[in-house]
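Engineer: The opening residue of the sequence shown carries number 21 in this note's numbering; numbering runs sequentially from there.
Keep in mind the hints are simulated off the structure, nothing from the lab. For each residue, glycine too, the CB sits at the ideal point set by N, CA and C. Some hints here could point you the wrong way.
DEER-style ranges, computed between Cβ atoms [unchecked claim]: (1) S41 <-> H69: 17 to 23 Å; (2) E24 <-> E49: 30 to 36 Å; (3) S71 <-> G34: 25 to 31 Å; (4) D74 <-> G99: 14 to 20 Å; (5) D32 <-> E98: 14 to 20 Å; (6) A92 <-> G34: 26 to 32 Å; (7) R23 <-> S71: 28 to 34 Å; (8) Q81 <-> N45: 16 to 22 Å; (9) R63 <-> L35: 17 to 23 Å; (10) Q81 <-> T31: 16 to 22 Å; (11) D32 <-> P97: 30 to 36 Å; (12) S71 <-> E24: 30 to 36 Å.
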Amino acid sequence: MTREEIEKEFTDEGLSPHSWSNGANYFYEAHSHDYDKVLYCVRGEVTFHLSDGDVVLHPGQRIDIPAGTRHAATVGPEGVECMEAPNRHGCHGMN
Numbered sequence: 021m022t023r024e025e026i027e028k029e030f031t032d033e034g035l036s037p038h039s040w041s042n043g044a045n046y047f048y049e050a051h052s053h054d055y056d057k058v059l060y061c062v063r064g065e066v067t068f069h070l071s072d073g074d075v076v077l078h079p080g081q082r083i084d085i086p087a088g089t090r091h092a093a094t095v096g097p098e099g100v101e102c103m104e105a106p107n108r109h110g111c112h113g114m115n
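Could you build all of it, start to finish, from the sequences and the hints given here?
Structural biologist: Next comes the structure, spelled out in structure tokens:
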């Protein structure tokens, strides 16, 4: 998926995303959010560490993380750019 296609997916769901990026191998400590998170990988790679295993995202792939779900993340060797938004309508499950 292109950036434009990802933006359209968010728009079609009524979500307002923001972009973020990190350099190679950056690590996010385990944490949770009080909202359902919808996240797409735009460029690079990121691995989400969840209680039931790891989920690796490549460009165009999506993850839905329900509110209260503890997760950590490791950025891939070439860095990552993602777009994410809170989903106040409820999570569709992790994809």
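Engineer: The structure should be examined with respect to each hint, and the outcome stated for every one.
Structural biologist: Results of checking the hints against the structure:
no. : hint                    : result
1   : S41 <-> H69: 17 to 23 Å : 19 Å, holds
2   : E24 <-> E49: 30 to 36 Å : 33 Å, holds
3   : S71 <-> G34: 25 to 31 Å : 29 Å, holds
4   : D74 <-> G99: 14 to 20 Å : 18 Å, holds
5   : D32 <-> E98: 14 to 20 Å : 29 Å, violated
6   : A92 <-> G34: 26 to 32 Å : 29 Å, holds
7   : R23 <-> S71: 28 to 34 Å : 31 Å, holds
8   : Q81 <-> N45: 16 to 22 Å : 19 Å, holds
9   : R63 <-> L35: 17 to 23 Å : 20 Å, holds
10  : Q81 <-> T31: 16 to 22 Å : 18 Å, holds
11  : D32 <-> P97: 30 to 36 Å : 32 Å, holds
12  : S71 <-> E24: 30 to 36 Å : 34 Å, holds
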